[in-house]
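2 protein chains.
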Amino acid sequence: MLTLYVAPGTCALASLIALEEAGAPYRAVKLDFAAGEQRGEAYRRVNPKGRVPALATERGILTETPAILAYVAQAFPAAGLAPLDDPFAFAELQAFNSYLCSTVHVNHAHRPRGSRWADEETSLADMKRKVPETMTASMRLVEDDYLKGPWVLGERYSVADGYLFTLGNWLEGDGVEVGRLPRILDHRARMAARPAVQRARAAEQGKG
Amino acid sequence: MLTLYVAPGTCALASLIALEEAGAPYRAVKLDFAAGEQRGEAYRRVNPKGRVPALATERGILTETPAILAYVAQAFPAAGLAPLDDPFAFAELQAFNSYLCSTVHVNHAHRPRGSRWADEETSLADMKRKVPETMTASMRLVEDDYLKGPWVLGERYSVADGYLFTLGNWLEGDGVEVGRLPRILDHRARMAARPAVQRARAAEQGKG
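In order, the protein sequences belong to chains A and B. If you want the working numbering, it's the position in the first sequence, counting the first as 1, plus 1. If you want the working numbering, it's the position in the second sequence, counting the first as 1, plus 1.
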């Protein structure tokens, strides 16, 4: 039995979607971010980074969304969630997920979490003002160059689709004009209709 | 024949080290960052992100260091650069590389590249002031929790070692008191002595 540590509205949703699509046996443990539970002693023993997601397996704890997504795909190969037998295609999947993690998510984080990188209120306000521009630019690259369609990798659905869906849900809040990203919007609508995605969203709220 | 697009002093060194350790046939193409070559039309056709590294293969272009490192390990399995037959150990490797990419490298980038996320000079100065703190904190986590020793994954050398070495070379410039990170310093010294690392450093400077 796997245990995934999550919080609503975070990138942990991508890992929940992967577990649901895989049909994996798991339970979701919801942390209370408002109470700072992710920085508490108990959770620090699970994940010293103080963040979600973290996946507890019988071998130990895994963190970082791209790593968890690849793990779920490899641990449940029958679900076909990654091109495991093709190093180039697998690397394309990894490159997509890595870009979401290190560029798109980081751009977004400068709105709610600018204090990770600067101290002055004026700096945090400056960062917030720039988020619509940076999120639009990075998602524009996804729209134009990396989302092959209908799914991220083309005809083949993969763990990357749940990750794009997860970060795509932040666009309106980040001030992005989503009407100018029609392929991402279409992808989002098709993702929202998948039963596994609906189950993952319920699990994210502690209703799993 | 693989082609790796690089620039001196960037994270592209990690991919050069992986290619050298793998004994892969490749050539390195050095971009002139001072002239803005990475943002020019010709390179945009290689990598629309306008960054290095990018690896041109016979199947197409790969970007993002964690993806390139995993690809090199999978494409040259005889070199033993990743635990390819163990999904959990492979995920640990991916988690380490993802953390370097999305947290450590991002912390560093707020010194030379703060204008990615804010516009005002005062904000950029504020970001620069905070880099010693954020780089120390993220490398402290590597030192205490993730570098198993003697190599990142323990007894087994992997592509993660070249990535840690690459980012570890930035510590002094980022204002980190490296004497307080003795395990990372020891790792760095052992890495610097490896012939493949020395060849990669020469290739980075266009002397390969």
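FYI, nobody ran anything at the bench for these hints, they're computed from the structure. Do not rely on the hints blindly, as some may be mistaken.
Identical chains share a label here; the pair holds if one copy fits it or two copies do between them.
Said to hold, decoys possible - Derived EDC-like pairs (lysine to aspartate or glutamate); straight-line CA-CA distance at most 16 Å:
#	residue 1	residue 2
1	149	33
2	50	146
3	129	145
4	50	144
5	50	145
6	31	146
7	149	173
8	129	156
9	149	59
10	129	33
11	50	38
12	149	187
13	149	42
14	50	156
15	31	59
16	129	173
17	129	86
18	31	173
None of these values were measured; they are calculated from a predicted model.
Same-copy or cross-copy closeness of residue 50 to residue 156 [CA-CA at most 16 Å]
Intra 36 Å, inter 24 Å, cutoff 16 Å: neither.
Please sort residue 31 with residue 59 into within, between, both or neither, judging by C-alpha distance up to 16 Å.
Classified as neither; 20 Å inside a copy, 45 Å across copies.
Indicate which option fits the pair residue 50, residue 146 if close means a Cα-Cα distance not exceeding 16 Å: within, between, both or neither.
Between copies only: 10 Å across chains, 32 Å inside a chain, cut-off 16 Å.
First find the shortest C-alpha distance between residue 129 and residue 86 inside one copy, then the shortest across copies, and answer within, between, both or neither for a cut-off of 16 Å.
neither (42 Å within a copy, 44 Å between copies)
Please work out whether the CA atoms of residue 129 and residue 173 approach to 16 Å or closer within one copy, between two copies, in both situations, or in neither?
Result: close within a single copy only, 14 Å intra versus 30 Å inter.
Given a CA cutoff of 16 Å, do residue 50 and residue 38 count as a within-copy pair, a between-copy pair, both, or neither?
within (12 Å within a copy, 37 Å between copies)
Reference check for the pair residue 31 and residue 146, CA-CA at most 16 Å: within, between, both, or neither?
neither (35 Å within a copy, 24 Å between copies)
Pop the pair residue 129 and residue 156 into one bin, within, between, both or neither, using alpha-carbon distances up to 16 Å.
This pair counts as neither: shortest intra-copy Cα distance 37 Å, inter-copy 44 Å.
16 Å Cα threshold - placement of residue 33 relative to residue 129
Answer is neither; intra-copy 24 Å and inter-copy 32 Å both fail.
Since the copies are identical, ignore which copy is meant and state whether residue 50 and residue 145 lie within 16 Å (CA to CA) inside a copy, between copies, both or neither.
Close across copies (12 Å), not inside one copy (34 Å); limit 16 Å.
As a check of your reading, is residue 149 near residue 173 (CA-CA no more than 16 Å) within one copy, between copies, both or neither?
Neither. Shortest intra-copy (23 Å) and inter-copy (42 Å) distances fail the 16 Å Cα cut-off.
Since the copies are identical, ignore which copy is meant and state whether residue 149 and residue 59 lie within 16 Å (CA to CA) inside a copy, between copies, both or neither.
Cα proximity of residue 149 and residue 59: none, with 36 Å in one copy and 19 Å across.
When each numbered hint is compared with the structure, violations occur for hints 1, 3, 6, 7, 8, 9, 10, 13, 14, 15, 17, 18.
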